[in-house]
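Next come the chains, spelled out residue by residue.
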Amino acid sequence: MDQDLEALYTRRVLFRDRLWATISAARAVLEEPGVLVVGSEVPNLLELDAAATLIVSQDLDIGVPVDRHAAVKRRLADLREFRPSPDEPSVWTPRSSDLLEINFVGIDPAQDPAEAYVIADDELPLLVFGALSLVTAGAELEIAGTKLRIPRPAGLLLEKLVTDRTGEKGERDLLVALGLLQLMSATDLDELSEAYQRLRPELRHVVRSNLTLLSLLGPRAGLPDPRSRRHEVGALLRHLDSEDEP
Amino acid sequence: MSAALEQRARQYRSRMLIRMWDYRQRHHARGVWYRLRRLLTDASHAYVVSSHDAAQLKAEGFAVEAVGTAIEPPKIIVCAPLARVAGLASAREVPVSLRGDLLTATCLVLVPFDRAPAARQP
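The listed protein sequences correspond, in order, to chains E and C. If you use the working numbering, the first sequence corresponds to residues 33 to 278, in order. If you use the working numbering, the second sequence corresponds to residues 142 to 263, in order.
Keep in mind that the hints were calculated from the coordinates and are not lab data. A couple of the hints might just be wrong.
[Claimed, not checked] Chain E regions said to be covered by chain C (calculated; three or more residues, Cβ under 8 Å):
id : region
1  : 142 to 149
2  : 238 to 244
3  : 258 to 268
[What the hints assert, rightly or not] Non-contacting residues of chain C with respect to chain E, defined by C-beta distances greater than 10 Å in every case (computed):
id : residue
4  : 146
5  : 183
6  : 239
Owing to the predicted nature of the structure, the values given are computational and were not obtained by experimental measurement. We put the CB at the ideal spot given by N, CA and C, even for glycine.
With these hints in hand, go ahead and build the complete structure from the sequences.
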């Protein structure tokens, strides 16, 4: 095997192992009803056998519905392989380099997507991003012996597209959104369209603006090549345009 | 501990406010970048052409896109089918992206995607 290819393969396998080990170690909170895995790892988990081939940040975002905050707090004592970060509240760092960080974020379905607020708490403070109000519970997956729930694809994609995306991280996040778009069925796209129509005009504009950025991005290692998907992004944008104001 | 989170919440709200401002400005000068990206999103290919070839297309009735004259220095941007572009001696394909080749071109021809069933519609 070519050395570069072997190195890439090894890195991917190692990352997948770390992701799976992290899920197993965070089982106590991931199996708490209402909790969702959100963020860039979702497309990784949706790959065949959760192969995790997309190169994204090395953390696992755990969405906590605000009405489940107290219940999740009660499970923190079971996170024995992590400890709260002294620098960043809501982040728990692993005790072993074989695991990823976990990052708790709040979900409030009643929140305006443009807003954000903080649940102040000594043990589990949460930043509640309004864009996560667009996310609803989707499929249950069983990974590393842990039953976890991920969001429905339409809401997760909309959450990614309604959020400000700038710089290298923003561009990689958009390519993660492209990874989600690739996995969506016609039913998911209908659901996306319906949710899009419920957004305020300025947020619909943010979605369209992010789609134009996505359609013009260059390729990045370890992420879907946007050049081969430009027609698909353009078709989605034209569809959203047709439902919108000029 | 929550001070850091409060700071991030303020930053999130600030970014959203900027996006709202962008939205209000979409028909004004600041909105030109969105309008340019929107036009490029519908293009399957982009070609840099000479001013002579651009003028020829204009004379043939191909519309000049307004967004090209809303940036400085101005560009002549024309949309034309691939078959017509193939007949232009000066046409040099450039990637459809916001990179140097495309941004520095004075005259551009964009080939729109075929909007028929090839594209997956929601």
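Consistency of the hints with the structure:
Residues of the region 142 to 149 of chain E lying with their CB closer than 8 Å to a CB of chain C number 4, which satisfies the three-residue condition for coverage. Counting residues of the region 238 to 244 of chain E whose beta carbon lies closer than 8 Å to any beta carbon of chain C gives 5, which meets the minimum of three for the stated coverage. For a cut-off of 8 Å, the count of residues in the region 258 to 268 of chain E with a CB near a CB of chain C stands at 8, and the three-residue condition holds. Residue placement check: residue 146(C) does not keep its beta carbon more than 10 Å from all beta carbons of chain E (closest about 4 Å).
Chain E draws residue 183(C) into its interface by the beta-carbon criterion, the shortest separation being 6 Å against a cut-off of 10 Å. Once the 10 Å rule is applied to beta carbons, residue 239(C) is inconsistent with being away from chain E; the minimum gap is 5 Å.
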